[in-house]
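Number of protein chains: 2
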Amino acid sequence: MRSKLRIVIIGGGFGGLWAAKALANRPVDVILIDRKNHHVFQPLLYQVATAVLSPGEIAKPIRRILYYAKNIEVILGEAVEFDKATNIVKLDDGSEVSFDYLIVAAGARHAYFGHDEWETWAPGLKTLEDAVEIRRRVLLAFEIAERKAALSGVKEQLTFAVVGAGPTGVELAGAIAGIARQALASDFKAIDTSEARVVLFEGSDRVLGTFASDLSDSAKQQLEELGVEVRLNSFVTEIEPGRLKVGDDWFKCDVVLWATGVAASPLGAQLGVETDRAGRVKVEPDLSIPGYPNIFVIGDMASLLQESGEPVPGVSPAAMQMGTATAKNILREIKGRPRANFTYVDKGSMATIGRSKAIAQLFGMKFRGFIAWLMWLFLHVVFLIGFRNRLFVLMGWFWAYLTRERSARLITGDAEELRNALTFIEAESPADESSAAHRDSPRRHRTSA
Amino acid sequence: MRSKLRIVIIGGGFGGLWAAKALANRPVDVILIDRKNHHVFQPLLYQVATAVLSPGEIAKPIRRILYYAKNIEVILGEAVEFDKATNIVKLDDGSEVSFDYLIVAAGARHAYFGHDEWETWAPGLKTLEDAVEIRRRVLLAFEIAERKAALSGVKEQLTFAVVGAGPTGVELAGAIAGIARQALASDFKAIDTSEARVVLFEGSDRVLGTFASDLSDSAKQQLEELGVEVRLNSFVTEIEPGRLKVGDDWFKCDVVLWATGVAASPLGAQLGVETDRAGRVKVEPDLSIPGYPNIFVIGDMASLLQESGEPVPGVSPAAMQMGTATAKNILREIKGRPRANFTYVDKGSMATIGRSKAIAQLFGMKFRGFIAWLMWLFLHVVFLIGFRNRLFVLMGWFWAYLTRERSARLITGDAEELRNALTFIEAESPADESSAAHRDSPRRHRTSA
Numbered sequence: 001m002r003s004k005l006r007i008v009i010i011g012g013g014f015g016g017l018w019a020a021k022a023l024a025n026r027p028v029d030v031i032l033i034d035r036k037n038h039h040v041f042q043p044l045l046y047q048v049a050t051a052v053l054s055p056g057e058i059a060k061p062i063r064r065i066l067y068y069a070k071n072i073e074v075i076l077g078e079a080v081e082f083d084k085a086t087n088i089v090k091l092d093d094g095s096e097v098s099f100d101y102l103i104v105a106a107g108a109r110h111a112y113f114g115h116d117e118w119e120t121w122a123p124g125l126k127t128l129e130d131a132v133e134i135r136r137r138v139l140l141a142f143e144i145a146e147r148k149a150a151l152s153g154v155k156e157q158l159t160f161a162v163v164g165a166g167p168t169g170v171e172l173a174g175a176i177a178g179i180a181r182q183a184l185a186s187d188f189k190a191i192d193t194s195e196a197r198v199v200l201f202e203g204s205d206r207v208l209g210t211f212a213s214d215l216s217d218s219a220k221q222q223l224e225e226l227g228v229e230v231r232l233n234s235f236v237t238e239i240e241p242g243r244l245k246v247g248d249d250w251f252k253c254d255v256v257l258w259a260t261g262v263a264a265s266p267l268g269a270q271l272g273v274e275t276d277r278a279g280r281v282k283v284e285p286d287l288s289i290p291g292y293p294n295i296f297v298i299g300d301m302a303s304l305l306q307e308s309g310e311p312v313p314g315v316s317p318a319a320m321q322m323g324t325a326t327a328k329n330i331l332r333e334i335k336g337r338p339r340a341n342f343t344y345v346d347k348g349s350m351a352t353i354g355r356s357k358a359i360a361q362l363f364g365m366k367f368r369g370f371i372a373w374l375m376w377l378f379l380h381v382v383f384l385i386g387f388r389n390r391l392f393v394l395m396g397w398f399w400a401y402l403t404r405e406r407s408a409r410l411i412t413g414d415a416e417e418l419r420n421a422l423t424f425i426e427a428e429s430p431a432d433e434s435s436a437a438h439r440d441s442p443r444r445h446r447t448s449a
Numbered sequence: 450m451r452s453k454l455r456i457v458i459i460g461g462g463f464g465g466l467w468a469a470k471a472l473a474n475r476p477v478d479v480i481l482i483d484r485k486n487h488h489v490f491q492p493l494l495y496q497v498a499t500a501v502l503s504p505g506e507i508a509k510p511i512r513r514i515l516y517y518a519k520n521i522e523v524i525l526g527e528a529v530e531f532d533k534a535t536n537i538v539k540l541d542d543g544s545e546v547s548f549d550y551l552i553v554a555a556g557a558r559h560a561y562f563g564h565d566e567w568e569t570w571a572p573g574l575k576t577l578e579d580a581v582e583i584r585r586r587v588l589l590a591f592e593i594a595e596r597k598a599a600l601s602g603v604k605e606q607l608t609f610a611v612v613g614a615g616p617t618g619v620e621l622a623g624a625i626a627g628i629a630r631q632a633l634a635s636d637f638k639a640i641d642t643s644e645a646r647v648v649l650f651e652g653s654d655r656v657l658g659t660f661a662s663d664l665s666d667s668a669k670q671q672l673e674e675l676g677v678e679v680r681l682n683s684f685v686t687e688i689e690p691g692r693l694k695v696g697d698d699w700f701k702c703d704v705v706l707w708a709t710g711v712a713a714s715p716l717g718a719q720l721g722v723e724t725d726r727a728g729r730v731k732v733e734p735d736l737s738i739p740g741y742p743n744i745f746v747i748g749d750m751a752s753l754l755q756e757s758g759e760p761v762p763g764v765s766p767a768a769m770q771m772g773t774a775t776a777k778n779i780l781r782e783i784k785g786r787p788r789a790n791f792t793y794v795d796k797g798s799m800a801t802i803g804r805s806k807a808i809a810q811l812f813g814m815k816f817r818g819f820i821a822w823l824m825w826l827f828l829h830v831v832f833l834i835g836f837r838n839r840l841f842v843l844m845g846w847f848w849a850y851l852t853r854e855r856s857a858r859l860i861t862g863d864a865e866e867l868r869n870a871l872t873f874i875e876a877e878s879p880a881d882e883s884s885a886a887h888r889d890s891p892r893r894h895r896t897s898a
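Chains as they are written, first to last, in this note's numbering: chain Z, 1 to 449; chain F, 450 to 898.
Worth flagging that the hints you see were computed from the coordinates, not collected in a lab. We treat Cβ as the ideally placed atom computed from N, Cα and C, and that holds for glycine. The reader is advised that the hints may include incorrect statements.
Over the 12 Å line for every Cβ pair with chain Z, so calculated as not near, a few chain F residues [stated by the list, open to error]: (1) Phe-591; (2) Glu-595; (3) Arg-596; (4) Ser-635; (5) Asp-641; (6) Arg-646; (7) Gln-670; (8) Gly-696; (9) Ala-718; (10) Leu-720; (11) Gly-728; (12) Thr-792; (13) Met-799; (14) Met-824; (15) Glu-854.
One side only, chain F facing chain Z, incomplete, derived with CB under 10 Å [unchecked claim]: (16) Ala-508; (17) Glu-530; (18) Ala-534; (19) Glu-566.
With the hints as extra help, turn the sequences into a complete structure.
Here you go:
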């Protein structure tokens, strides 16, 4: 018999970590289980994907974040199954962990509308590994174009396609345009990187659709100032190596990035309760699952309507609030007090677009351009975990702002990974006559003849 | 007909890069070809492997380093073959590059004494990918031990084995001991990380054998002060998952790192001239290859005796000097002046061991301990490429020194990579009775019974 109740938390993202923080050094035993050893500050992932920041600058070991909490044990492992009757979590290595309370906060990934095979050609951005893979593809595309131009004199226009104009898609498109026009321009000699096209495809009729429509319009205009082509009402229906389809039209693209759709962690389905189309668990007002008041689902995995009838959005502040609220409910219950229902407090939202460009809705006011961008910078540094990370990221930004350099421009990976990335980038669209002809041409490039 | 002579450089390490710098904005055309897009400052690789620095802090895109050189084109690609008769380099993608002068500077890797199969279990440290892999294995070993101890109460002593007590082996052993005793100690709750063993196996009778013998003795003592067990005259004859053999004795080890032996790039053999046992090309006194005065081999790929009868050592200052000398010889020849033979200038050497611990031979004097360590820090920051890297590395060191933290403690990689790393770490020695028994025990770990 344990002397203290044990709370098991699955996931060290914003939801799980905030729950753990609220339980730190309280009279409970906590085990936090995550597949990764690190918490990632997801709002800055796109900066790793676009070579502004290094992976280590936006991530911190979970056990380091929680080292001060004597009652929290952090375990590297993957939860694969739950036994709700006996209160047990099964891990991938066969071990089992019992709990009195369970908080499932395993997050979400991108959804490919039933076309999971697109992921290989159009990676999404949820983990550090994703970010490094995107960085590799973007940088490799420029390298391959330079090699072609230098050795054979063939200049081809690069096209980067981003699918989905939510915050991530807008950030990626804006940052890639920035790279092409500024950071890389002086380093490439055979190609003019600023001629690269960046096309943002959005199925709906505006970008950043959760913002007020005049801010959406401003964001679109700011994107276009950066050189991004924005295609609204353009629902992508097919992706193949080297091209994608919108309606009946194929577009040649060297790199495709996926930034739309949400699929909650499959652990939600493992719980055996009702889920919505995106795999989110329909939770009770206190975030527990129906019939099992000691099991909670929070963050991007949870589906809950606010009093307004709107769903709680899948954003990091909501996950943090859910984590804290759940921890408090458990502590209340242990003291014999009743639980409180969860209420989401919307503190506003902001989206960055590029250098000096952003939009924000805060305190009931709207901001755009440089002022919104400064607010975005400030808030993201404040919320970044770890003083060292804040210091280094601030310095990194300052450096990037002054020099327009992108300092983390590493193409890494073993030979096979690089070959895979090359395969997609070098694949040439069958619909594209000129490049098909080029593909068949001899590859002996001698400029000395 | 080209108006200017073309110099092709294979490799953007110290040799190739210093050759390129000496040719920058001179009246020649230069093409530098490397498999990676970045130059790595190899002397600090072990700090990436031990989570002090991030990969981006010790590497910089080669084309960024050379952006100011209007006459240098940097190409991402792998040279696979040479045609000495027609002066052509063939790349892996089938393209061909012609040259008037060729400088081959493709470096070396570790050699496994004919046991290449050991590499999987005992990775070496030459690239950023190697460093990240070593970091992953070292950190994973602690995570797995923590999980076992927390979920099943089984505490096993971790053993890290480093094979070879040259500079890299000494740095790795010292840094891992530092991690175990200081950086991780407060973050792990079920295990005491400071109990981990770090064993340094060396086949000869002293560590850092290229230094004076009293400095070797000092280095051994400094290693032991850090908690490293140094085993001299211990030639490793067999490596299997989870264990290694010295003489007739098997040693259980959770992680094995390889830091001995040299194998020059196989490109040396492609040149069709005589090579030594390590695959190094025996070069003429001007670093050209016999019979082909327009083809040079430099750096770790070159085998050359000094006037003293000693070989030029495979260290970065030698590679830099060879690069500069070769570039100057080519420029001289273009002006109709004779070539000069290469002379290696030994400016001394230093090796770091751990926090406040190092040895150095400089200006004919010997240094050890804190003063040698300060000199090491100073010189390595000075030679690091890029002002931003210097600034960030200095700050990172300052932070690590003050807090004893290791900030780059990320375990990254896709699921398969992690499974591979786990396989080696979790493999248990058949010779080890107790762990064999443990392996067969049921894995149902309930502490709540």
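Cross-check of the supplied hints:
no. : hint    : verdict
1   : Phe-591 : violated, 9 Å
2   : Glu-595 : violated, 7 Å
3   : Arg-596 : violated, 5 Å
4   : Ser-635 : violated, 5 Å
5   : Asp-641 : holds, 14 Å
6   : Arg-646 : holds, 21 Å
7   : Gln-670 : holds, 32 Å
8   : Gly-696 : holds, 34 Å
9   : Ala-718 : holds, 19 Å
10  : Leu-720 : holds, 20 Å
11  : Gly-728 : holds, 19 Å
12  : Thr-792 : holds, 33 Å
13  : Met-799 : holds, 27 Å
14  : Met-824 : holds, 26 Å
15  : Glu-854 : violated, 7 Å
16  : Ala-508 : holds, 6 Å
17  : Glu-530 : violated, 13 Å
18  : Ala-534 : violated, 15 Å
19  : Glu-566 : violated, 17 Å
Violation of the numbered hints given earlier is confined to hints 1, 2, 3, 4, 15, 17, 18, 19; the remaining hints are satisfied by the structure.
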